[in-house]
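Assemble the whole structure, with the sequences as input and the hints as a guide.
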Amino acid sequence: MTPTNESPSDKEARRHFLEIFLGTGIIASLLSFLYPVIRYLIPPPQTDLGSNTVLAAKVGELSVNSGKIFRFGDKPAILILTSGDKYVAFTAVCTHLGCTVQYRPDLREIWCPCHNGKYNLQGRNISGPPPKPLAEFTVNVKGADIYVSRTAAS
Amino acid sequence: MSPGAQIRNWLDDRFGWDDLIAFLKHKTVPLHRYSYWYYLGGITLFLFSLQVVTGILLLLYYRPTPSDAFESVQYIMTQARFGWLIRSIHSWGANLMIFTAFAHMFSVAFLKSYRKPRELTWLSGMVLLFLVLGFGFSGYLLPWNTLAFFATTVGTSLVGQVPLVGHWLLIFLRGGQDVTGATLGRFFAFHVALLPGLATAFILVHLVLIQRFGMSVPPRVEPEWKAKPPEQREIRFFPNFLLRELMGWYLALGVLGSLAALKPWELGTKADPFASAPAGIKPEWYFMFMFETLKLLPAKMWFMTGESLGVIAFGIAALLWTLLPFFDHERQGRSGRWAAGVVVFALAYVVALTAYGYMVMAK
Amino acid sequence: MEGKRQTRMGRTGWTGLLFSFALCLMFASPAHAQTTQNSCLDCHSRLDPPLQVKAEVFARSIHAQKGLSCVSCHGGDPTTDDMARAMSPAAGFKGPISRKQIPALCASCHSNAAYMRGFDPSLRTDEFSQYQTSVHGQLLAKGDTKVAVCTDCHGLHDIRAPSDPQSSVYPLNVAKTCATCHANAAYMKPYKIPTDQYASYTASVHYEDLTVKGDLSAPTCVTCHGSHGAAPPGVTSVVNVCSTCHIFQAELFDKSPHKQAFASMGLPGCVVCHSNHRIVEPTDAFIGTGKGAVCVNCHTRGDPGYIAAARIHQGLTELTVSIQRSDNILSEAESSGVEVGSALLELNDARDDLMKARVSVHNFSVAPVEKNIQAGLAVTQKTYKAGVAALAERDYRRKGLGIALIVILAVVIGFGLLIKKVESRNRQETQK
Chain A
1 MTPTNESPSD KEARRHFLEI FLGTGIIASL LSFLYPVIRY LIPPPQTDLG SNTVLAAKVG
61 ELSVNSGKIF RFGDKPAILI LTSGDKYVAF TAVCTHLGCT VQYRPDLREI WCPCHNGKYN
121 LQGRNISGPP PKPLAEFTVN VKGADIYVSR TAAS
Chain B
155 MSPGAQIRNW LDDRFGWDDL IAFLKHKTVP LHRYSYWYYL GGITLFLFSL QVVTGILLLL
215 YYRPTPSDAF ESVQYIMTQA RFGWLIRSIH SWGANLMIFT AFAHMFSVAF LKSYRKPREL
275 TWLSGMVLLF LVLGFGFSGY LLPWNTLAFF ATTVGTSLVG QVPLVGHWLL IFLRGGQDVT
335 GATLGRFFAF HVALLPGLAT AFILVHLVLI QRFGMSVPPR VEPEWKAKPP EQREIRFFPN
395 FLLRELMGWY LALGVLGSLA ALKPWELGTK ADPFASAPAG IKPEWYFMFM FETLKLLPAK
455 MWFMTGESLG VIAFGIAALL WTLLPFFDHE RQGRSGRWAA GVVVFALAYV VALTAYGYMV
515 MAK
Chain C
518 MEGKRQTRMG RTGWTGLLFS FALCLMFASP AHAQTTQNSC LDCHSRLDPP LQVKAEVFAR
578 SIHAQKGLSC VSCHGGDPTT DDMARAMSPA AGFKGPISRK QIPALCASCH SNAAYMRGFD
638 PSLRTDEFSQ YQTSVHGQLL AKGDTKVAVC TDCHGLHDIR APSDPQSSVY PLNVAKTCAT
698 CHANAAYMKP YKIPTDQYAS YTASVHYEDL TVKGDLSAPT CVTCHGSHGA APPGVTSVVN
758 VCSTCHIFQA ELFDKSPHKQ AFASMGLPGC VVCHSNHRIV EPTDAFIGTG KGAVCVNCHT
818 RGDPGYIAAA RIHQGLTELT VSIQRSDNIL SEAESSGVEV GSALLELNDA RDDLMKARVS
878 VHNFSVAPVE KNIQAGLAVT QKTYKAGVAA LAERDYRRKG LGIALIVILA VVIGFGLLIK
938 KVESRNRQET QK
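Chains as they are written, first to last, in the numbering used here: chain A, 1 to 154; chain B, 155 to 517; chain C, 518 to 949.
There's no promise every hint is true.
List of simulated lysine to any residue pairs, SDA-like, C-alpha gap at most 20 Å [to be verified]:
#1 C:Lys899 - A:Asp74
#2 B:Lys179 - B:Tyr193
#3 C:Lys937 - A:Asp74
#4 B:Lys382 - B:Tyr188
#5 C:Lys937 - B:Ile389
#6 A:Lys75 - B:Ser221
#7 B:Lys449 - B:Phe304
#8 B:Lys417 - C:Gly919
Because the hints were derived from the structure by calculation, they are not lab data.
Structure representation (structure tokens):
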């Protein structure tokens, strides 16, 4: 490389600029790597309880003889506080054609609004087109939290 | 005394710092037409460290049981912040690393860097290659999706074709007769504990040997290299070569990040052991050439199955390839040309059958 | 010619005695020693059809299991091997039982509530009276013996309980049993009714529910026609029959303009659109004015029904397409790694609304269907927005990547420049 006509001070300035440029770049790139990693390390708000258990509701959220639809995995599920003050939970996917069922306090039964299918509070299909009962889930109340998990069979 | 000098002194008294720095300062790398190939080893090492870092991060959320593995990867991809990035970097990085490992091996084979005194470096490198393939095979099962499940079933059943010990190997790998949660547990242990431990040890051996003997000059350019004036024969490792190496590493990181963000690694569907295998199960690309060879062999050859013979043939080929330095040891002469021919054939074979495998799938 | 008279009886007698002796030897085998004395089966199991009754076949029947035997229906004396004595009227032998006599014979037990109580108190005892109201029973009373009697459906000596999967009247087997006559064109010729019911039924969704999905409560022939009182429902009763399961649709139909219209024209309700035996899964193409639509069988272009049908079909299509659009965009976002699980779940509500819209088609007016469609569209609009937001999140991530890439590229360039500088300095130093 032929010698340039730069004065020594220019060379110094250029060299410093390059070092600052490179140094900033490296620090910036390291930050851009560090930022996702640190965000990743912080657990997200929705704790991963595993695919078999879900926090369905809080105690007191349901009044007696009422039901609540909640999300279990990628399917809807239903939690019912029966008139006998007991919690029961089932899948909310109707076994007929997959509509989402609901709880009917007037009938004290689980009812599907699509084709009038009915299930009793044991999940058994008692009327209408559904060919099979609703799969039942296990309910555990821990403190103020109501957890619903798959039973060993379901 | 400046603070920097004080720290250096402290370290030197307890660590031999000055000797280390002197060594690094004097380390040089030969400069010739093929010097660019020297970077492949470093890039492979860089990608490996990246795999370790992203792997440890994934370990924070991954659960190695059939009921949770798929869901935990789904969680990482959709719930954990930047989980999609970490996981995709890990998956893409694995493929990139295996590619650079193969490229590094073939470049060393072509440039005959395995010759005396570097035979042990080649041997440790071959062990590392097998470990890397083991990483790939064990890691592929961990997301527990359909493709992984059946690829593992096929892969382990081929291992079972090894004569004499095949059946026991199969049972050992699968943790039973079939691929089950036991297999997942084992592969997880291999992937995060056994293989990393072995790889670390062999990487250290490999690196120490490289530092001990320096970079080799390929025989084919030795005459012209020797003809250069001495000061033009080498470049300094620090900072010249290192800067270039860092540049390469950053480029690799850029490529990896782009791949991860533009084409996140897919989840697939959860594995169902009782479903039948979907059509067109194929292994990952780095096993494709072996898979295609076995498919092309006839079902029965002499007294054993085609697959058994294929597996034995590959075993023997791998052994001979590993012992390549001991066949090609003359400075000049026929064995050198023979070895070169074998290397060309091996590369052509691998490339041709991999391509063939994908063309067949595309039909 | 005295003394050496050989009577005719002698030779026949010796033969007969020898024969009987041989028979006794045969029957003195240990296997036979176990069975209760049933000379009927002893002989009849060795005969050829039509007199053949295999012992193991009868043993499997429900009558045998309840302790009944041949004499319970046929009379006679099972204790003797003497054919003449065993089958004598004096022993109560009824002789061959004609087809016309069969129902009354079965009813002699099965309509006797007190008697049946001793076997199974929950069994009905009105089958015979029902049978007498049926087409089969009425034709039989007029002397037609080609029609079905009890044994044609239930079997003869191998009758099993209807809940036994091998019974000819087990729900899965009923249609085939009816088809033995009703699908036989030659046999049914004198009656001038169609014989394609079985073929049509096996193509229906009811048959599929029964055989493929295993839902034993799915309708088979007897569900709509009755079993013992079998008869076609009749035009005015069709809706009632269908509505035993399809309550919603029947209620809506009753309030719809079609009810009066069909009644005045003597058309059989549900069957007009859905057919009676070949009831297939109704797709959205069923309703409307296009190919495969049933509405244009009656309605002509421009009349209010035609317009309503077109509008309803349009609504259903619109919602189907909208659901698919939302699903596509959400799947795309999901495969890019953005979490859209709750939106995907909410999309199910739109699918429910589409399902309800299809039921409310039986209003046969636009407004109720529109209500369901609009509810569904509201959901799909919301989920589509969520999909768009998810894709925006993905693009935001890509932008973040772009920035990181720029930084990386800057560093790479920086390294390159530094290398150049360092090496030019080296060269200058060596040149000095």
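Hint-by-hint comparison with the structure:
1. C:Lys899 - A:Asp74: holds, 18 Å
2. B:Lys179 - B:Tyr193: Given that 20 Å is the threshold and the Cα spacing comes to 19 Å, the pair holds.
3. C:Lys937 - A:Asp74: violated, 57 Å
4. B:Lys382 - B:Tyr188: holds, 15 Å
5. C:Lys937 - B:Ile389: holds, 13 Å
6. A:Lys75 - B:Ser221: Status holds; Cα separation ~17 Å.
7. B:Lys449 - B:Phe304: holds, 16 Å
8. B:Lys417 - C:Gly919: This hinted pair holds, its Cα atoms lying about 14 Å apart.
Violated hint for the displayed structure: number 3, the only one.
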